[in-house]
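Quick mapping for you: the protein sequence lines, in order, are chains A and B.
The letter at position 215 of the first sequence is residue 215 when you use the numbering used here, and the numbering goes up by one with no holes.
Here the numbering used here runs 390 ahead of the position in the second sequence, where the first position is 1.
Think of the hints as simulated: they come from the structure by calculation, not from any bench.
C-beta: ideal position from N, C-alpha, C; glycine also.
Watch out, some of these pointers could steer you wrong.
As the list claims (entries may be wrong) - Quick list of simulated restraints, FRET-style, between CB atoms:
#1 B:D535 x A:A158: 31 to 39 Å
#2 A:D331 x B:Y480: 32 to 40 Å
#3 A:T195 x B:A584: 33 to 41 Å
#4 B:L486 x A:M284: 54 to 62 Å
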Amino acid sequence: MKKLFAALSAASAIGLASAGPALADHTVKVGIIAPFSGPFAIWGKQFQEAIEVYVAQNGESAGGHRIEFVYKDSGGPNPSGTKALAQELVISDGVDYLGGFVFTPNALAVAPLIDEAQIPTVIFNAATSIIVEKSDYFVRTSFSLWQVSVPMAEWAYAQGIRTAAISVTDYGPGNDAEIAFKTAFEALGGTVVDTIKMPLATTDFAPFMQRIKDQSPDAVFGFLPAGPPSFAYIKAYNENGLREAGIEFLGTGEMDETTLEAIGDAAIGITTAYHYSGAHPSEMNQAFTDKIDEMFPGSVTNLASVGAYDGAHILYQMIGAVGSERTEAVDVVRGLAWESPRGPVSIDPVTRHITQNVYIRRVARDENGRLVNEEFDVIEAVPDLGLVEN
Amino acid sequence: MEADIIRHKPAKRLGGIFSRRILLDICLISAAIAFFFIFPNNLGFMTRVLVMIIMVLSLDLVLGYAGVATLGHAALFGSGAYAAGIFAVYISANPLLGLVVGALAGAIIAFFSGLILMRATGLTLLMLSIAVAQVLFELVNSERDLTGGSDGLLGIDMDPVLGLYAFDFYGKTGYWYALAVLVVVFILLRVFVASPFGLVARGIHASPERMRAIGTPVYWRLITIYTLAGGIAGIGGAVSAQVTELVSLESLGFNLSAEAMIMLILGGIGRLYGAIFGTVIFMTVHHFAASVDPFNWLFVIGILVLLVVYVVPEGVLGLPEKLRKHLGMAK
């Protein structure tokens with residue numbers, strides 16, 4: 001109910017703000033489209049918390065423009081609904097910028113619209129390489145599967161791993177991860193002994209594990225959606241004795257901070273390559289996680305948080321420079337480099353995708369007994385290899 | 391249902407009902423036109439409602455009129471959407487041709503799946519219908535080169551409707567286009583429902599055994615109805631693909647089938663108006679609840695569905711009749 005009132009008063013505030021003439025200190029609105037309900041609601045929650053932390057740290061305005069965020073619920077993958085929401089945000093709410101987007105089809109659906117309406121749009125998550133090519137108004141602060149899978153393959157090869165099995169969930173990101181890992185690993189001279197595409201609805205991974213074990217590769221590269229599938233997969237990996245057999249698990253985003261505690265001790269020692277760990281050792285990240293903890297007790301930061309936090313940074317830079325004269329706003333952030341909670345990052349001036357360090361991490365317990373992804377190796381300044389190599 | 395069948399018998403009353411219905415139709419169309427001017431900022435949403443009405447009308451034909459309970463209607467909608475989308479990308483971006491292709495795709499899938507589905511009844515049929523949609527879902531997911539898999543089918547760029555009206559980003563053309571298609575579909579269905587064949591459908595719903603006894607080939611009649619419904623759902627899918635310019639796997643998903651059924655039950659099954667009112671009410675409540683409180687709106691939808699199931703199981707359109715009965719008793 002409280003939220004309802006807050007939303008209502010926010011709505012009336014929007015009405016008042018837009019009624020006034022465009023003053024120097026006027027409000028610039030940003031529409032955030034993300035899932036706030038249903039099975040993917042955690043994404044919207046992580047986005048919103050990170051944005052609110054950014055606002056708390058950096059104030060409500062940039063370059064004399066007050067910035068206001070308007071949230072819309074897209075539910076799950078829902079391109080037609082997302083497009084309608086974006087239309088509404090632009091036409092009736094009068095937003096000048098868009099942000100959010102968890103699912104690839106949702107982001108792709110707004111591409112023609114933001115082109116026509118010239119709305120700079122910051123993607124906080126949707127990770128398929130091609131998205132940023134579909135409109136010049138896209139900027140992305142997340143990652144792509146190529147960006148993290150290729151470093152994983154290279155690191156594995158450097159560790160003396162020569163044979164690997166690949167097991168990925170059979171959908172877009174899984175296919176991206178598979179092709180990226182395979183291409184990089186084989187280019188180095190490694191051998192992929194088997195590729196298993198697991199159906200999206202799989203809950204019992206034991207048969208796949210047995211098949212991998214029988215082929216006894218040095219490692220198994222996996223990609224699964226974060227949450228229950230990753231949980232079940234890791235459990236099967238341990239229970240079927242792959243770990244004892246010395247078949248190392250290599251992954252990317254499976255050890256997500258929001259589900260790590262649920263996986264429990266089974267996760268300890270799992271190696272992944274990723275662009276952000278909640279335990280990244282830097283002052284900036286410490287300040288970020290402390291503030292999250294202070295404002296939203298019990299919340300942790302993960303890839304969604306850092307995507308939204310950096311997304312907010314990009315939006316602040318654009319609005320600070322040009323306000324609602326947004327047509328050239330994307331040029332403001334081309335080549336922009338800054339320090340993010342994940343480490344040093346920059347926006348590639350050509351692809352408008354984020355260039356960032358990819359860290360090799362291992363799950364361990366920190367001094368407070370919490371499970372964290374401990375970074376122990378780094379591949380610096382990796383661009384979106386999917387856009388470079390394809 | 392019995393009452394509905396009887397209502398068609400006396401020729402005298404038929405005329406009366408028809409004129410009253412035409413009045414209601416004119417009101418509905420006027421409302422749709424008025425909404426365009428009253429809510430110029432919500433055209434995207436209203437277009438989605440129109441598309442969904444086409445889908446729910448098609449489900450009503452199968453579930454409401456022929457009494458075939460299916461939870462796989464998205465298979466037909468999605469086939470239409472993908473067929474129209476792929477046709478637009480690779481062959482021709484003409485919207486009207488796309489509609490024909492969508493309708494054909496929906497009808498073909500309905501015909502062939504109907505050959506199996508219509509042999510089953512009850513729970514078996516329900517399960518099979520879900521299975522058909524799931525098989526198509528996985529097929530589209532695995533054929534990434536053609537369909538884009540879970541990224542969605544990209545690259546749809548429609549030609550202007552009739553070469554005159556380009557699809558604009560405000561969604562004006564999209565709205566008029568969807569409305570025009572809906573009106574045509576509705577008129578077709580109206581004619582069908584009032585035809586002897588429509589009566590056969592109702593007859594099969596009321597008692598397949600008796601229909602068989604009087605010589606109706608029930609199985610083939612059901613397949614015909616299902617194929618027709620497939621064509622209509624396919625048209626809905628095609629409009630959705632053309633207006634959104636992207637088709638995603640969710641157009642074949644279980645959620646869509648289930649939501650369509652909820653909308654139909656909400657409005658009242660076995661009545662064409664039920665499909666319209668149910669869809670409009672469900673999606674409007676959904677839309678406003680979600681925009682007022684994007685975090686807890688599902689709660690409102692839950693309450694709404696519970697209320698309907700407990701208070702008016704016949705759907706919103708059953709409400710006036712129920713009231714009349716109550717008042718009658720009070721006298």
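Hints and how they fare:
no.	hint	in the structure
1	B:D535 x A:A158: 31 to 39 Å	holds, 34 Å
2	A:D331 x B:Y480: 32 to 40 Å	holds, 35 Å
3	A:T195 x B:A584: 33 to 41 Å	violated, 57 Å
4	B:L486 x A:M284: 54 to 62 Å	holds, 56 Å
Violated hints amount to a single one, hint 3; each of the other numbered hints is respected by the structure.
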